[in-house]
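Novice: If you want the building blocks of each chain, they are given just below.
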Amino acid sequence: MAKELSIISKSTQKFDGKERVTGKAIYGHDIELPNMLHGMILRTKYPCANIISIDTSAAKALEGVACVITADDADVNMIGYKRDHPILKSKTVNCIRDEIAAVAATTKDIARKALSLIKVEYDVKKGIFNPFDALKENAPKINLAGKGLEQFANKNIAESFHYEHGELDVQKAKSKVIISKRYTLPRVAHSCLGTSNITADYSKLNGCLTLWASTQVPFLYQRDIAHALKMEPSKIRIIQPTIGGAFGSKLDMLPFEPICALLSIKTGKPVQILYNREEEFIASPTRQTMVIDLTTGADETSRFTFREVKITMDNGAYTSWGATTPFVMMQTFSSLYQVPACSFQADAVYTNNPFAGSFRGYGNPQATFSVERNINLMAKELGIGNDEIRLLNANYKGEITGQRLHYKTCGAKPALEKVIKESHYKVKEKKKNQGRYKTGIGLASMLHVGGGAKIYRSDGCGTRLKLDHYGYLTIFTGSSEIGQGSETILAMIAAEELGIPFEKIKVINTDTDVKPWDVGVHASRTSFVSGNSLLGAIKLIKEKLNKQVSKLLCVEAGDFSYKNGLIITGDKEIKIDKVVRDMHFGLPNELCVAEYFYEPPSDFQDKQFRGNVSGNYAFASQAIEVEVDTYTGNVKVLDVYVSQDVGRVLNPLGLQGQIEGGVVMGIGYALTEEMIFENGNLINPSFHGYKLLTSTDIPNIHFYPIETFDEAGPYGSKGVGEAPLIPTAPAIANAVANAIGVEFCSLPLTPEKVLKAIKEKTII
Amino acid sequence: MDFDVISPKTSRELLEVIGKYQDKNFRFGAGYTDLINDLNSKPQEDLTVINLAQLKDENFKTITINEKGARIGALVTASRLTDNSILKTNYPVLWEATNSVASMQIRETATIGGNICQASPSGDISCALVSLKAICEIIDSNGNVRNESLADFFKGVKKTSLKKNEILRNIFIPPNSGKKIKSGYIKIGTRLSMEISIISIAYHFQMDDGNKIINAGCSIGAVAPTIKFTEDACNYLIGKQFDSITEEDADNFACLVKKYAKPISDIRASAWYRSEVLFNSTKAIFDKYEIKN
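Heads up: the sequence lines are chains A and B, in that order. Using numbering that gives the first Met the number 0, the first residue of the first sequence is number 0, and each one after it goes up by one. Using numbering that gives the first Met the number 0, the first residue of the second sequence is number 0, and each one after it goes up by one.
In case anyone wonders, no lab produced these hints; they're calculated from the structure. Everything numeric in this text was worked out from a predicted model, so none of it was measured. There may be inaccurate statements among the hints.
Said to hold, decoys possible - Covered by chain B, according to a simulated footprint, are these stretches of chain A (three or more residues, beta-carbon under 8 Å):
1) 548–554
2) 692–705
As the list claims (entries may be wrong) - Some chain A residues flagged as far from chain B (calculated, every beta-carbon gap over 10 Å):
3) E31
4) K59
5) D108
6) F131
7) F160
8) I177
9) K562
Glycine is no exception: its CB is placed at the ideal position from the N, C-alpha and C atoms.
Given these sequences and hints, build the entire structure.
Specialist: The structure is reproduced here in structure tokens:
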């Protein structure tokens, strides 16, 4: 039974909400330091070329220019997940993002003018923009630092993953139906409202570098910056201003960040680089574009038999965290629904396109799209309902999957049942359509880590607590707030456990000089790890307080309750601040502080990628109803029914925000968003051309949380952040198939693509 | 972005400034929703912006409606137009088109004149006004006034008949002659707000008591270098009973409309798609099913 709680599970406004909506919050763009210079970056004109010469003399001579740097001026290491990425390019350029030079000047206008004065001579080459072309034997080696030939038997393979379980041949032989399809997934942008930004301030006096950076992984970032600049990590202080959206985009450290630091080091003055929207589209990470060749089978009882998948990812010119998305994708192929046998191969292939990065869902939206589309195709062949086949094969509590994921709790089936019921799936699926507008309904589910993911040496998070003489609590947490609402959850937990009102709680989480270690915001882990870490610290501080209370009130240390700033035992009570004062000014003359480091109980995976990698697992299903306009091909999403196993609802209001935001992102992925490239050049780098949905496009979103009370999570909760967008695109594609009978294998389902499909079907 | 600003307060001052700046580089600034974007993407040297925001001339700023028709000042904002219930009742096509421009925030500041003078082939308000057979009133720096039909005013992409010493003062819309109207604006795009039309169709049909079409206006946007008034298609409808229009009539009408389109392929859609959707959506004006946007 869940414990009776007074604050947890009650809707609570975001802790940082007032600052954000009143404009009080300080974003990176608001930072202005004395004598600050403005940095700008010269990028290549061509996606693939040799650089013959770079002449910066005219730029250097311009009044107001403090510094111009090229690769020759920088003694730095290569960056990126594979250390295959020079921060400034000197001999070759390999994608349209490539940085050739940078300037720092007294004004932005002068910096812009200086960039225009830098002369670069190129020897333009024909680029390779398709990974399948890059894999051909006669293709040139795209990234000269790549080790593909030695490691993966092809010079243009940047990274490769193989996983398997079960007896594939046996399962294939058992299969009544086998479906093979190729799925093509687009490149999409995070579209953060706050563009990329950094302010660097290097002190020549002590060799320390302070960076105001919108990173979501400050301690990994500190290490990466140190590696790039050949510095001591502890001489680098990372301060995170309010972050205007991240969604994974701020996991990788990118060249503009060490470049900005270099400009500050060279000039001895603070330097700031801010992207405009066009630069944000061109030079920020994206979701990984990929081709998924998937074969799946089911036996005569409609039980799944096997999945065999080969994924070709466009790695772009350099290797980012995006190349490791197969870690997550293989979980979906191996363990979403019961899968007796699985063979998984994923290769990230160098091209002259920009590199991708990490993006909410981390490969899972792509993987789930292919799996859930194939399930519908199998159901059709088997003559079983799309709902029935999913219920029959759904994951269950206690299941240990082929990949050794252990589902100690599992809301997969309840979530499916909920959306099937609430959406009236069975009735709507069979509805006959006439006339111009045709409606359809689709189902899809997903599996994602819910309790962190042990891929780094530690998946932990530290917390320090300070309770002051006036009863105010300061929480120093390693975790970061990037808009997901974890600060609020921490304050709620502290208020719940210590009986301290919100207005007396502060959360300090933006400064690596102050906050304890945490691996960063990723894998929907923040509330899970930082919540558990905080609970650990609260336990310790309560032990101290309880001891002092029993001394003060002359009672046995026992079951004290904490409410409204009081510590209560039986009919006696005492103000919490009085206890702190007594502890400090009287014996034992101690500060009321505590410190705790939480490491999740998850395992590292072995070399075959097997192991229980997360503290718990989140499951979700969506049923989505659409209306297709057969005159225009336009797909309108009418209603979205979302059910998600969240373990336990901590903050209903915050959770609803995550669900709605995720679904909207998923609808954009399904219908409208696509970065369009022509020969390596992005031709829609603006919100005019890149069709992010607007508030007027948002459908009704009905949310039904499933509570499974998983003991690993704080109060039984699981991570929620990434899940809501993962099943959206396949549910929409399944709904469109239900409406017009066309089975789409690529995204986005633009009106033109849909109309063409309707026409072709009509002609046939 | 660096430019001088000059803010005439009266019509006389405005015409004087225009006269004085004839050999200089100037742009008019009204709602600034397009101008600032233009200047951001193409910075200009020695530019003066003649700021119209402080102009106090009623000819530019008011909406006048009487039995002779409606006159809308060039500086009327899109929001003021959509707030006007008489315009909404009498010219639904104009109301729907104006309400489809960008977003509520932009409509608060964007002006009708600015939207027209941008001469975008996909201009929503312009497309509606062409279907309403609107007339431009243009004044030059010497105070001479000339009138020109809006359909003729557009000369190409971002090109109008305005000379350097002229400015658009207001737009006149003739009154409805029919007792009944069927009027609307179809905007095809990917999303509902902040969208530039892939194609657009503005129609305004007027019927007599017996539902006979006595006056027809239909124009199309984003399928040619300028917004096109589809005269032959409109003539085809005259004299027909609106209720009895057959599928064949609708087909013929859509074919005549399509004749005016010379769509191109660009990032937003292919010529094929524009052509298909123009035909389907035009036909749909006469569908028994309600049009949904």
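Novice: All the hints need checking, so say for each whether the structure fits it.
Specialist: Status of the hints after comparison with the structure:
1. 548–554: violated (count 0)
2. 692–705: holds (count 5)
3. E31: holds (20 Å)
4. K59: It holds; K59(A) is separated from chain B by about 23 Å at its closest Cβ, greater than 10 Å.
5. D108: violated (8 Å)
6. F131: F131(A) clear of chain B: closest Cβ-Cβ about 25 Å, beyond 10 Å.
7. F160: holds (35 Å)
8. I177: At roughly 36 Å from the nearest Cβ of chain B, I177(A) sits farther out than 10 Å, so the non-interface label holds.
9. K562: At roughly 46 Å from the nearest Cβ of chain B, K562(A) sits farther out than 10 Å, so the non-interface label holds.
The structure shown violates the earlier hints numbered 1 and 5.
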